[in-house]
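Start from the sequences and build out the full structure, keeping to the hints where you can.
Protein chains: 2
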Amino acid sequence: MKLSAQEEYGLRCLLRLASAGEGQSLTIPEIGRAEALSIAYVAKLMRILRQGKFVKSVRGQTGGYTLARNPENIPIGEVLAALGGRLFEPGFCDQFSGLKRLCTHSVDCSIRSLWRAVQSAVDSVLGGITLRDLLQKESTMKMQLASRDRY
Amino acid sequence: MKLSAQEEYGLRCLLRLASAGEGQSLTIPEIGRAEALSIAYVAKLMRILRQGKFVKSVRGQTGGYTLARNPENIPIGEVLAALGGRLFEPGFCDQFSGLKRLCTHSVDCSIRSLWRAVQSAVDSVLGGITLRDLLQKESTMKMQLASRDRY
DNA sequence: ACCAATCTTGACTTTAAAGTACAGATTACT
DNA sequence: AGTAATCTGTACTTTAAAGTCAAGATTGGT
Chain P
5 MKLSAQEEYG LRCLLRLASA GEGQSLTIPE IGRAEALSIA YVAKLMRILR
55 QGKFVKSVRG QTGGYTLARN PENIPIGEVL AALGGRLFEP GFCDQFSGLK
105 RLCTHSVDCS IRSLWRAVQS AVDSVLGGIT LRDLLQKEST MKMQLASRDR
155 Y
Chain Z
5 MKLSAQEEYG LRCLLRLASA GEGQSLTIPE IGRAEALSIA YVAKLMRILR
55 QGKFVKSVRG QTGGYTLARN PENIPIGEVL AALGGRLFEP GFCDQFSGLK
105 RLCTHSVDCS IRSLWRAVQS AVDSVLGGIT LRDLLQKEST MKMQLASRDR
155 Y
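First to last, the protein sequences are chains P and Z. Counting in the working numbering, the first sequence runs from 5 upward without gaps. Counting in the working numbering, the second sequence runs from 5 upward without gaps.
Put simply, identical chains are the same to the list, so a pair is met inside one copy or across any two.
Calculated lysine-lysine pairs in the DSS-like style (CA-CA distance at most 30 Å, straight line):
hint	residue 1	residue 2
1	104	60
2	60	48
3	104	48
4	48	6
Everything labelled a hint here was simulated from the structure, so no lab data went into it.
Here it is in structure tokens:
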């Protein structure tokens, strides 16, 4: 259970854009310089973010990227799903069916419900957090998280 | 954020062994047949489980694997950490430092505390679950999970 | 002693993710 | 019009994970 590079770097790029300020736009080279990523790689990440409707792009000499919505309307859960998929998603059992066609996993599949429980814990953390929250300081965010009483 | 094949299949093999019953042993080919995995792959997985002290092996003609501890003393969180690492572990920032030596990630690194929050939510789900719980039926386990009131 | 069944280990091959390259399209500026 | 800066898309190369192979070591049965 690991975070993919795409999730980590993609989210960083988005946060960088958000921190540029309301309506401000950044170019791919600017983001790349700020995050120490290659231009080509940032381009790939921004494309995914654009397809997920998190950012808008403008072409041409004065082009660049801006947020497609206000930070408070960008749930981090959605961003991460676009960048790296979900832990437990439809087709999971087909993907891990071993050498057989169907998931032979017997034992009443307690494992599957374990994954669902984990996914749901992750969802309730991410579900309550938007890009706006990430823009605030670490301490502030921690307090917010601590105030949630259910997972 | 995905489950690795090693986590999924490794946990299945362990559960399979546990469901064989107290002190029962299974061979690699037996596990492979039951889980529809190749013998070589099961061998690789069992090795990891052995190194994590979750199972014990006996060599020779009547050899095989048994649980190294009682199911209630095998926390699923530990098993998954052995099979696939943790979401957020030491060295994380070195791993994702882009093209520079040090993690340039500024913005006060709100992202890092996000990962910590997610990791902690996952931990509290997994922390309360042992192999014994997985051996019980899905419905029973769900109830247990639902009764937890904090993540 | 020998054989057959097992686990053990490291190296290898295959496959998917990470990251790059390049040719094309769009726009502003002169 | 021409040029330079940008985004876009596909194809490519590199790297890490998934999965296999083969030779060796251990043990019980004959």
